[in-house]
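Asks: Okay, here's what each chain looks like letter by letter:
Protein chains: 2
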Amino acid sequence: MLELIAPLVVPNSTKIVLLSLDGLAGLPRPETKRSELETARLPHLHALAAESACGLIIHVAPGITPGSGPGHLGLFGYDPLRYRVGRGVLEALGIEFDLRPGDVAARGNFCTVDDRGLITDRRAGRIPTDVCVRLTDRLRAIRLSGADLFVEPVKEHRFVLVLRGGSLSGRLSETDPQALGTAPLPARPLDPAAAPTADLVNRFVGEARGLLADAAPANMVLLRGFDRLPELPGFPATFGLRAAAVAAYPMYRGLAKLVGMEVLKTGAGFADEMATLRQHWEAYDFFFLHYKDTDKAGEDGDFDGKVAALERLDAFVPEIRALEPDVLVVTGDHASPAVLRGHGWQPVPVLIWSRYCGADPVTTFTERACALGTLGLLPAHHLMPLVLANALRLTKFGA
Amino acid sequence: MLELIAPLVVPNSTKIVLLSLDGLAGLPRPETKRSELETARLPHLHALAAESACGLIIHVAPGITPGSGPGHLGLFGYDPLRYRVGRGVLEALGIEFDLRPGDVAARGNFCTVDDRGLITDRRAGRIPTDVCVRLTDRLRAIRLSGADLFVEPVKEHRFVLVLRGGSLSGRLSETDPQALGTAPLPARPLDPAAAPTADLVNRFVGEARGLLADAAPANMVLLRGFDRLPELPGFPATFGLRAAAVAAYPMYRGLAKLVGMEVLKTGAGFADEMATLRQHWEAYDFFFLHYKDTDKAGEDGDFDGKVAALERLDAFVPEIRALEPDVLVVTGDHASPAVLRGHGWQPVPVLIWSRYCGADPVTTFTERACALGTLGLLPAHHLMPLVLANALRLTKFGA
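Keeping their order, the protein sequence lines are chains A and B. Counting in the numbering used here, the first sequence runs from 2 upward without gaps. Counting in the numbering used here, the second sequence runs from 2 upward without gaps.
Hints were generated in silico from the structure; no laboratory data involved. Hints are not guaranteed to be accurate.
Below, simulated SDA-like cross-link-like pairs (lysine to any residue); rule was C-alpha separation at most 20 Å, straight line [stated by the list, open to error]:
id : chain 1 : residue 1 : chain 2 : residue 2
1  : B       : Lys397    : A       : Val340
2  : A       : Lys34     : B       : Thr364
3  : A       : Lys397    : A       : Arg356
4  : B       : Lys397    : A       : Asp80
5  : B       : Lys397    : A       : Arg356
6  : B       : Lys397    : A       : Glu300
7  : A       : Lys34     : B       : Leu373
8  : B       : Lys397    : A       : Asp301
9  : A       : Lys34     : A       : Gly359
10 : B       : Lys397    : A       : Arg88
11 : B       : Lys397    : A       : Arg85
12 : B       : Lys397    : A       : Arg342
13 : B       : Lys16     : A       : Leu341
14 : A       : Lys34     : B       : Ala48
15 : B       : Lys16     : B       : Thr364
16 : A       : Lys297    : B       : Lys397
17 : B       : Lys397    : A       : Gly343
18 : A       : Lys34     : B       : Ala51
19 : B       : Lys397    : A       : Pro380
20 : A       : Lys34     : B       : Gly241
21 : B       : Lys397    : A       : Gly302
22 : A       : Lys34     : B       : Pro362
23 : B       : Lys397    : A       : Gly226
24 : B       : Lys397    : A       : Asp305
Kindly generate the complete structure, drawing on both the sequences and the hints.
Replies: Now the structure itself:
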């Protein structure tokens, strides 16, 4: 798809807003048989849907529940089955670590081992985050010939390890045996080219063991989810867009950075994000605007909270439209139905508004209504070509 | 798809019923412009559809009429274009022959040759089945060094030949020239590794010619559709399901066995199948429940018969729901429109009911209504991931 699109891109001065309502899609509450979207009062979204082309998005494949990584990569135009982002890389993106091409990242746990070196607690009693910060500081003293090393605290017992330099490989087995009463495993190369990286990791672990000897309960480390930063074709070059991300949460900032968007400094609330959008309106062609509250409420199983989050967002829609984007897209990265208390596999409503989006029968922005839209049931990575087309930024294919 | 799904499977104790109404989809009768599903009185199926996610299934590709093999393999989660089951294997499955990995099967015809050995009747005047049984008995006397041999009667002039042992190949040309006035052809190897198997087959045919010399009109054999039993990833292991098939007809029992389901002993009618389902309800997670009458009426061109078959099935729906499956799927393996008097390429209605199937606008279980459902137009092999998701048996993809 990207290879098809890139040569068709033509420049112009149109402006595009992709509004991602995290965890947008929901499920009916059994008592009312109405979903969060069907329960909320959403005059502006429904009015927008009535003027838009609507449909439902599938991010990975039918029945597959997307994580935030694959969910957003799909919206950005990348097939999430082709461009995979491993656990370590996502963890690094989640703390907005400045990952570079070739870096290998792993998720780390501080853990507890007994005097024979056998694991007694895989999470070191969930040490407080400030202890984690102090101990990662200690591990930064480790020097490895052949690679730079970064150790970054995350939360409680979790940290991120990043190796940089030389030709590193992420094809390593995990050191976490995922069991108690057994010793941490050595990292093994999963293909021959990964042997030097395995060696570096094992030297790091060996030195960490010494440096943490007196730090019980956090007296050892476990590493998993080794992965290299994937090489993605850059979003701005592929789609010919000066692209900016307006997102308060680190994970989404990290994902936008991964594809080469400019990540704008912004405040914590959506009103702050709106101010950031207005402030940079002239400087970019494409804005990825992220709204987190819908997902948070869905993951908490808070149906009413998700309804309220949708209604709060709805009130901002006129402000976005007042900027007069040429294309306005509203969708989400995955479902987070309150009744599931987590991500879901359900397809996610999408609307594309532009002057050229076409006649469409949908007049409300709900799961049920969007099923009848002219966009149909759409793989997420087919959205960007449609968006560019609506911005008149694609020339025809074939003469 | 199978490679994507298997690592995401998580165990739980949910129960799933996949009800396959053979040849489900139909076409409008010209006089009423209503299909079989639109003509039948189906209160229970329509009520179920109103609570379900609905759509239309395409088993192979648009415009392609599926045989029963590809139709059911698709429903079981296998892409029928990737996993092909040859004519000989299907014929063996159709008589519930215990095919084993490595076996090569062919469909055989008894035929008539004249005294110069030229074919005068490719079907030996459709000899009665009891003659077929007697003659296959005679052919069982043949001994081939290097392989075990099985010759099984089917119906009238048809039989199945199975070779077992050593490293056999199904890459053989057919001996049936599909023309009269010409001699049966030798089996030729279609790749070099198949030469020994071709030799075995030709020795069998040579001996058969001698043994049948006095058996006119069935004095010779023709063989076609040579194929090896395909190696399929096992259904129970791939999907993490204790899976049972409840099907009275041999072909569907054979297909279920091919993918590794437990095939339960059952009686000839659907009431017997229901009794079998109830009896084994506790022992399995997944039940493939097969209903044949819809297809039989469709293939006979009996529109009213198909309507009646649908109505008879509808009356059983409450009994299935009374078992309280966590996921109930109703669909079919292909269309058998009465106006076509055979299988058709038309997409087949599907409904998935679960507590998490989502809001969906469809309220009747017909071809026309299901076109508007949230499942959209779905490749058959995408159904199983959706079914597992609805059973909460899949974890998310990517973090």
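Asks: Evaluate each hint against the coordinates.
Replies: Checked hints:
1. With a C-alpha separation of about 16 Å, the suggested pairing of Lys397(B) with Val340(A) holds against the 20 Å cut-off.
2. Between Lys34(A) and Thr364(B) the alpha-carbon distance is near 14 Å, which keeps this suggested pair within the 20 Å criterion.
3. Annotation: proposed proximity of Lys397(A) to Arg356(A) holds, straight-line Cα distance about 18 Å (limit 20 Å).
4. Between the alpha carbons of Lys397(B) and Asp80(A) the distance comes to roughly 16 Å, so the proposed pair stays at or under 20 Å and holds.
5. A threshold of 20 Å between alpha carbons decides the hint, and for Lys397(B) with Arg356(A) the separation of about 37 Å lies outside it, so the pair is violated.
6. A threshold of 20 Å between alpha carbons decides the hint, and for Lys397(B) with Glu300(A) the separation of about 14 Å falls inside it, so the pair holds.
7. Restraint check for Lys34(A) and Leu373(B): satisfied, since their Cα atoms lie roughly 19 Å apart, inside the 20 Å limit.
8. A distance of roughly 17 Å separates the Cα atoms of Lys397(B) and Asp301(A); the hinted pair therefore holds under the 20 Å criterion.
9. Our distance criterion of 20 Å between C-alpha atoms is broken by Lys34(A) and Gly359(A), whose separation comes to about 31 Å.
10. For the proposed pair Lys397(B) and Arg88(A), the alpha carbon gap of about 12 Å is at most 20 Å, so the pair holds.
11. Restraint check for Lys397(B) and Arg85(A): the C-alpha separation of about 13 Å stays at or below 20 Å, so the hint holds.
12. Restraint check for Lys397(B) and Arg342(A): the C-alpha separation of about 13 Å stays at or below 20 Å, so the hint holds.
13. Of the pairs offered as hints, the one joining Lys16(B) and Leu341(A) holds, with about 18 Å between alpha carbons and a cut-off of 20 Å not exceeded.
14. For a cut-off of 20 Å, the pair hint linking Lys34(A) to Ala48(B) stands: about 15 Å separates their Cα positions.
15. Of the supplied pair hints, the one linking Lys16(B) and Thr364(B) is violated, its CA atoms being roughly 24 Å apart against a limit of 20 Å.
16. Taken as a hint, the Lys297(A) and Lys397(B) pair is honoured in the structure, with Cα atoms around 17 Å apart against an allowance of 20 Å.
17. A hinted pair counts as satisfied when its Cα atoms are at most 20 Å apart, and Lys397(B) with Gly343(A) qualifies at roughly 10 Å.
18. Only pairs whose Cα atoms come within 20 Å are accepted, and Lys34(A) paired with Ala51(B) is accepted, the gap being roughly 11 Å.
19. Only pairs whose Cα atoms come within 20 Å are accepted, and Lys397(B) paired with Pro380(A) is accepted, the gap being roughly 17 Å.
20. This hinted pair does not check out: Lys34(A) and Gly241(B) have alpha carbons roughly 31 Å apart, beyond 20 Å.
21. For the hint pairing Lys397(B) with Gly302(A), the CA-to-CA distance comes to about 17 Å; that is within 20 Å, so the pair holds.
22. For the hint pairing Lys34(A) with Pro362(B), the CA-to-CA distance comes to about 12 Å; that is within 20 Å, so the pair holds.
23. Between the alpha carbons of Lys397(B) and Gly226(A) the distance comes to roughly 15 Å, so the proposed pair stays at or under 20 Å and holds.
24. Our distance criterion of 20 Å between C-alpha atoms is broken by Lys397(B) and Asp305(A), whose separation comes to about 24 Å.
The structure shown violates the earlier hints numbered 5, 9, 15, 20 and 24.
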